[in-house]
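This is what each chain is made of:
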Amino acid sequence: MFRLIFPAVLIAVLAIDRIAFPKAARRAWWALAGVFTLAGIGAVYPEPLQAIASEMGIGRAVDLVLYLAVAVLVREFFLSRIRDQELQRELTQITRTLAVLGAQKK
Amino acid sequence: MSLSQPLIALVIPSYNEGERLSGTLERLLEHLGQLKAGPLSKCAFLVVVIDDGSKDPVQVDKLPTSSAAQVFLLRHIINLGQGAALQTGIELALLKEADFFVTLDADGQHAHEQIADLLKPVMDGQTDVAFGNRFGAHEARNIPAMRKAMLKLAVAFETWLTGLKLQDAHNGFRAFNRKAARLFKFNQNRMAHATELKQLVAEYGLKHCEVAVTVQYTPESLAKGQKTSGLALILKDLAQQYFFFR
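For the record, the sequence lines run as chains A and B.
All letters in the first sequence, in the order written, are residues 29 to 134 by our numbering.
All letters in the second sequence, in the order written, are residues 62 to 307 by our numbering.
It is worth saying that the hints were derived from the structure and are not from the lab.
Beta carbons are placed, not taken as given, at the ideal position from N, Cα and C, and that holds for glycine.
Hints may contain errors.
To be verified - Short, incomplete list of chain B residues facing chain A, as computed with Cβ under 8 Å:
#1 68
#2 83
#3 102
#4 105
#5 107
#6 111
#7 137
#8 139
#9 155
#10 214
#11 216
#12 220
#13 222
#14 227
#15 278
As the list claims (entries may be wrong) - Pairs of lysine-lysine, DSS-like flavour, derived with a Cα cap of 25 Å:
#16 A:133 x B:213
#17 A:134 x B:268
#18 A:134 x B:116
#19 B:213 x B:268
To be verified - Not close to chain B: a few residues of chain A, all C-beta gaps over 10 Å, as computed:
#20 64
#21 126
#22 127
#23 130
#24 131
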């Protein structure tokens, strides 16, 4: 049952995101579509994944996917923190420059 | 600026201070007038006020004037934090070729009469940075027990972190020379800059000392000043810097 529902959910999410994503982020939408297509294929035909998981000593294919997903998400979290700080730095620099250029003498 | 007439910059970050800023500036300018007539007669003064994105922006026309000092107003279009505001003020003062720098709070907590005391070791060339010490000879007035305990904890933490043996922490009243000012590049936009400053002093091996100053706690300055909960934020900012930018 899940094998059928899961791809349907993915397709629905993609359809909504097609509208929700800003036009400038169309490439990101295609990347998401690619990942979702792989996930959908994995759900409908889990045998190859299962074979890889068994080979690696992981019981279930689901666990293999979960481990990979957690690793990717944690990495993404750290990278976005760093990007945040860089942005903050740049914003500070811009604000500072504006302040110095606009210095008013009493 | 030649040292025959040293230029002293007073850097004052201000955020939502409203009327209090004008009062502080009036008293400060009056005192600078006295210094100019007396012990620091050879010096010129530059007052740099940084409005750190206050909700009600500081108007330059409403600031007091004086023949004793030039007054500059800078405005951050968004609120960045006290560390960022200080850095902006220091950069303008460096552009104006200031020789000596004093940082002060806008709320009038710091006793302006002690500016000369603070500057003395720096101007005499004995030290690069003079930190105000509210636990010295002039013990802080009306300091709440909780605030004092927190500060002592911060002192212990900073001593451990930087190796600098100082009695006070996070006191915004300090003086330093141009050499130090050029080295201060704060990554910390918010309150953790006070810890970062000590780290920079340690890192660059700057000469430093502490000078006893008075900090006057009033109900309003306490209401607006750093909260105990701010300590957690400072630690978080420092940890973030350590892990992501070292």
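Consistency of the hints with the structure:
1. 68: violated (15 Å)
2. 83: Residue 83 of chain B check fails; min Cβ-Cβ to chain A is 12 Å, beyond 8 Å.
3. 102: violated (23 Å)
4. 105: Cβ of residue 105 of chain B sits 14 Å from chain A, so the hint is violated.
5. 107: violated (10 Å)
6. 111: holds (7 Å)
7. 137: Holds: closest Cβ of chain A sits about 5 Å from residue 137 of chain B, inside 8 Å.
8. 139: holds (6 Å)
9. 155: Result: violated, 10 Å to nearest chain A Cβ.
10. 214: Result: violated, 27 Å to nearest chain A Cβ.
11. 216: Where the cut-off is 8 Å and the nearest Cβ of chain A is about 28 Å from residue 216 of chain B, the hint is violated.
12. 220: Hint violated; residue 220 of chain B Cβ to chain A Cβ min 27 Å, cut 8 Å.
13. 222: violated (20 Å)
14. 227: violated (27 Å)
15. 278: violated (29 Å)
16. A:133 x B:213: Judged against 25 Å, a Cα distance of about 40 Å means the pair is violated.
17. A:134 x B:268: violated (35 Å)
18. A:134 x B:116: Status holds; Cα separation ~21 Å.
19. B:213 x B:268: Distance ~23 Å between residue 213 of chain B and residue 268 of chain B Cα, so the pair holds.
20. 64: Per Cβ check, residue 64 of chain A is outside 10 Å of chain B; nearest 31 Å; holds.
21. 126: The assertion about residue 126 of chain A is violated, with a minimum of 6 Å to chain B.
22. 127: violated (4 Å)
23. 130: violated (7 Å)
24. 131: violated (5 Å)
Of the numbered hints listed earlier, those contradicted by the structure are 1, 2, 3, 4, 5, 9, 10, 11, 12, 13, 14, 15, 16, 17, 21, 22, 23, 24.
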